[in-house]
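Peer 1: Sequence:
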Amino acid sequence: MNLMQARKDQLLDLLNTPVPIEDRRRLSAELADLKQDIVAHRHDDDERVWDDMRRKWGQHISSQRGNQAQIRHTLL
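Position 62 of the sequence shown, counting from 1, maps to 61 under numbering that gives the first Met the number 0, and the rest follow consecutively.
Hints listed in this document are in silico derivations from the structure and should not be mistaken for laboratory results. Worth double-checking, as some hints may not be accurate.
FRET-style restraints, in silico, Cβ to Cβ [as the list claims (entries may be wrong)]:
#1 R53 <-> Q9: 18 to 26 Å
#2 T16 <-> R47: 29 to 37 Å
#3 A28 <-> D50: 15 to 23 Å
Taking lysine-lysine and the DSSO-like style, the derived pairs with C-alpha atoms no more than 27 Å apart in a straight line are [what the hints assert, rightly or not]:
#4 K55 <-> K7
#5 K7 <-> K34
#6 K55 <-> K34
Beta carbons: idealized from backbone N, C-alpha and C, even for Gly.
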């Protein structure tokens, strides 16, 4: 839950800064998914929902790590 809440806060901060329209749409969609996942977590939904959340957040975390590595490589 802490991971989801932290990402939600990051997304809200990003949406309040100037970003290209395409990125804003992608971030808005990710925020909508995240809100749905948090609601599912609070309401203790079934295992199918949890499996979906684990898959989605596993992909998101892998993507974030790849983005961070790419940024580090660019800065070096």
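Peer 1: Could you run down the list of hints and mark each one as holding or not?
Peer 2: Hint check:
The hint said 18 to 26 Å for the Cβ distance between R53 and Q9, and at roughly 20 Å that hint holds. Between T16 and R47, the C-beta spacing of about 35 Å keeps the proposed range 29 to 37 Å intact. Between A28 and D50, the C-beta spacing of about 21 Å keeps the proposed range 15 to 23 Å intact. As the CA atoms of K55 and K7 are separated by approximately 14 Å, the hinted pair is consistent with the 27 Å bound.
In summary, the hint linking K7 to K34 is supported, as the alpha carbons are separated by about 8 Å, within the 27 Å threshold. Restraint check for K55 and K34: satisfied, since their Cα atoms lie roughly 13 Å apart, inside the 27 Å limit.
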